[in-house]
Amino acid sequence: MSISVVMPTYARTDVMFDHGEGAWLCTVDGRRFLDFGAGVAVTALGHAHPHLVEVLKTQAGKLWHCSNLYRIPGQERLAQRLVDHSFADTAFFCNSGAEAMECALKVARRFHQANGAKDKYRVITARGAFHGRTLATIAAGGQAKHLDGFAPAVDGFDQVAFGNLNEARAAITAQTAAVVVEPVQGEGGIIPADAAYLKGLRAMADEFGLLLIFDEVQSGMGRTGKLFAHQWSDVTPDVMALAKGLGGGFPIGACLATERVGEVMTPGSHGSTFGGNPLATAAGNAVLDVMLAPGFLDHVNAMAGLLWSKLEHVVKKHGGIFEQVRGQGLMLGLKCKVPNGDVVARLFANGLLVVGAGDNVVRLVPPLIIGESEIDAAAAIIDLAAGQLAAAAK
16 MSISVVMPTY ARTDVMFDHG EGAWLCTVDG RRFLDFGAGV AVTALGHAHP
66 HLVEVLKTQA GKLWHCSNLY RIPGQERLAQ RLVDHSFADT AFFCNSGAEA
116 MECALKVARR FHQANGAKDK YRVITARGAF HGRTLATIAA GGQAKHLDGF
166 APAVDGFDQV AFGNLNEARA AITAQTAAVV VEPVQGEGGI IPADAAYLKG
216 LRAMADEFGL LLIFDEVQSG MGRTGKLFAH QWSDVTPDVM ALAKGLGGGF
266 PIGACLATER VGEVMTPGSH GSTFGGNPLA TAAGNAVLDV MLAPGFLDHV
316 NAMAGLLWSK LEHVVKKHGG IFEQVRGQGL MLGLKCKVPN GDVVARLFAN
366 GLLVVGAGDN VVRLVPPLII GESEIDAAAA IIDLAAGQLA AAAK
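Counting in my numbering, the sequence shown runs from 16 upward without gaps.
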């Protein structure tokens, strides 16, 4: 048999991790890596966080799953806490970011159709976006590499340039239901949206009766130094998708909405077998226990400032390898002048895990609990790797 027993959908690095602690991961053969990829911005509280471990152990000994046919206390508590700390009035729980975005897209259609606008279903999205891997969300993202082999693309998405309000307005038709945007494009290359752009989208949505949907699957849950990235711009959406850091590594997603929008999602309109089960919401509540504690986000912002300054120094020193630092909070990117895959590989060889992104960017999304020593260590490895790449190019 030539195919691997695990379907070959990933170009995996040949390494297996056995355990981790904080910002560090150890392989089955004893090697130690500093993790600045965090499972693609998922392990927001690092590995084996003692509070998360204890909460999950306790819940695992009580009840794993009971389905959404019944009330789930932990789910109701998590929903209330997310509502209390956001723009939203209600939350739907699922298992991933793609599912959270699918829910958001369904909400947009149902909202208009429940209010008599049966022909409103199209959604304006931004080029360079990433919203998931389902048929609908790859169409929403619109990237050729994700659509390849899955034609025909799901209809209903009109793409415009990220950051361009004029293009967004020009794309509005009588069939437009919503506009979707990431406050910080992650997969697209760690590109923050300008506050004026987000405010302009809010005003545009209000003017034309559209829903504004924020995809905060990657930028949410403290990643940028506020609980949600859009809070820096003082703009609120109608609907928001969350996942990744919400469970600290346990699969959970959420779609948050205001009351006027969420009330159209009546019994039977949507569902999830596993979504928001006792184990998943125990993890989500444990994450919020830590993130909502006094001083947590202050720490994120302090470490973000330190990391930014260290990276700027490296970019200045290695101008032949790096072009700029960009991003927000602990969602940072190094724009490269050499292939970013070469940089990722060289950093791996020196013990630092990072993630590639679009626009030839290396993504640095470490656990939010990192300290100065880990930042110093990461900066030293990046400095070393850049020097090695420069020497090899001579």
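FYI, nobody ran anything at the bench for these hints, they're computed from the structure.
Treat the hints with care, as some may be off.
[What the hints assert, rightly or not] Cut-off 30 Å, straight-line C-alpha distance, at most; resulting in silico cross-link-like pairs (BS3-like, lysine-lysine): (1) Lys331 <-> Lys241; (2) Lys214 <-> Lys350; (3) Lys325 <-> Lys350; (4) Lys325 <-> Lys241; (5) Lys72 <-> Lys121; (6) Lys214 <-> Lys133; (7) Lys121 <-> Lys133; (8) Lys350 <-> Lys241; (9) Lys352 <-> Lys331; (10) Lys409 <-> Lys332; (11) Lys214 <-> Lys331; (12) Lys350 <-> Lys332; (13) Lys352 <-> Lys325; (14) Lys331 <-> Lys350; (15) Lys332 <-> Lys352; (16) Lys160 <-> Lys325; (17) Lys350 <-> Lys409; (18) Lys160 <-> Lys332; (19) Lys214 <-> Lys121; (20) Lys241 <-> Lys121; (21) Lys121 <-> Lys77; (22) Lys72 <-> Lys133; (23) Lys325 <-> Lys72.
[As the list claims (entries may be wrong)] Ranges of calculated distance between the beta carbons of each label pair, as one might list FRET restraints: (24) Gly286 <-> Gly335: 31 to 39 Å; (25) Lys352 <-> Pro309: 40 to 48 Å; (26) Tyr25 <-> Pro282: 35 to 43 Å; (27) Thr149 <-> Asp29: 43 to 51 Å; (28) Leu162 <-> Gly76: 54 to 62 Å; (29) His34 <-> Ala129: 44 to 52 Å; (30) Asn181 <-> His34: 30 to 38 Å; (31) Glu338 <-> Ser82: 49 to 57 Å; (32) Thr105 <-> Ala218: 23 to 31 Å.
From a predicted model like this one, the values you see are computed outputs, not experimental measurements.
We put the CB at the ideal spot given by N, CA and C, even for glycine.
Verification of the supplied hints:
no., hint, in the structure
1, Lys331 <-> Lys241, "28 Å, holds"
2, Lys214 <-> Lys350, "27 Å, holds"
3, Lys325 <-> Lys350, "15 Å, holds"
4, Lys325 <-> Lys241, "21 Å, holds"
5, Lys72 <-> Lys121, "35 Å, violated"
6, Lys214 <-> Lys133, "28 Å, holds"
7, Lys121 <-> Lys133, "13 Å, holds"
8, Lys350 <-> Lys241, "24 Å, holds"
9, Lys352 <-> Lys331, "13 Å, holds"
10, Lys409 <-> Lys332, "17 Å, holds"
11, Lys214 <-> Lys331, "33 Å, violated"
12, Lys350 <-> Lys332, "14 Å, holds"
13, Lys352 <-> Lys325, "19 Å, holds"
14, Lys331 <-> Lys350, "12 Å, holds"
15, Lys332 <-> Lys352, "13 Å, holds"
16, Lys160 <-> Lys325, "33 Å, violated"
17, Lys350 <-> Lys409, "21 Å, holds"
18, Lys160 <-> Lys332, "34 Å, violated"
19, Lys214 <-> Lys121, "24 Å, holds"
20, Lys241 <-> Lys121, "27 Å, holds"
21, Lys121 <-> Lys77, "34 Å, violated"
22, Lys72 <-> Lys133, "48 Å, violated"
23, Lys325 <-> Lys72, "38 Å, violated"
24, Gly286 <-> Gly335: 31 to 39 Å, "54 Å, violated"
25, Lys352 <-> Pro309: 40 to 48 Å, "42 Å, holds"
26, Tyr25 <-> Pro282: 35 to 43 Å, "38 Å, holds"
27, Thr149 <-> Asp29: 43 to 51 Å, "29 Å, violated"
28, Leu162 <-> Gly76: 54 to 62 Å, "45 Å, violated"
29, His34 <-> Ala129: 44 to 52 Å, "49 Å, holds"
30, Asn181 <-> His34: 30 to 38 Å, "51 Å, violated"
31, Glu338 <-> Ser82: 49 to 57 Å, "51 Å, holds"
32, Thr105 <-> Ala218: 23 to 31 Å, "24 Å, holds"
Hints 5, 11, 16, 18, 21, 22, 23, 24, 27, 28 and 30 from the list above are not met by this structure, while the remaining hints are.
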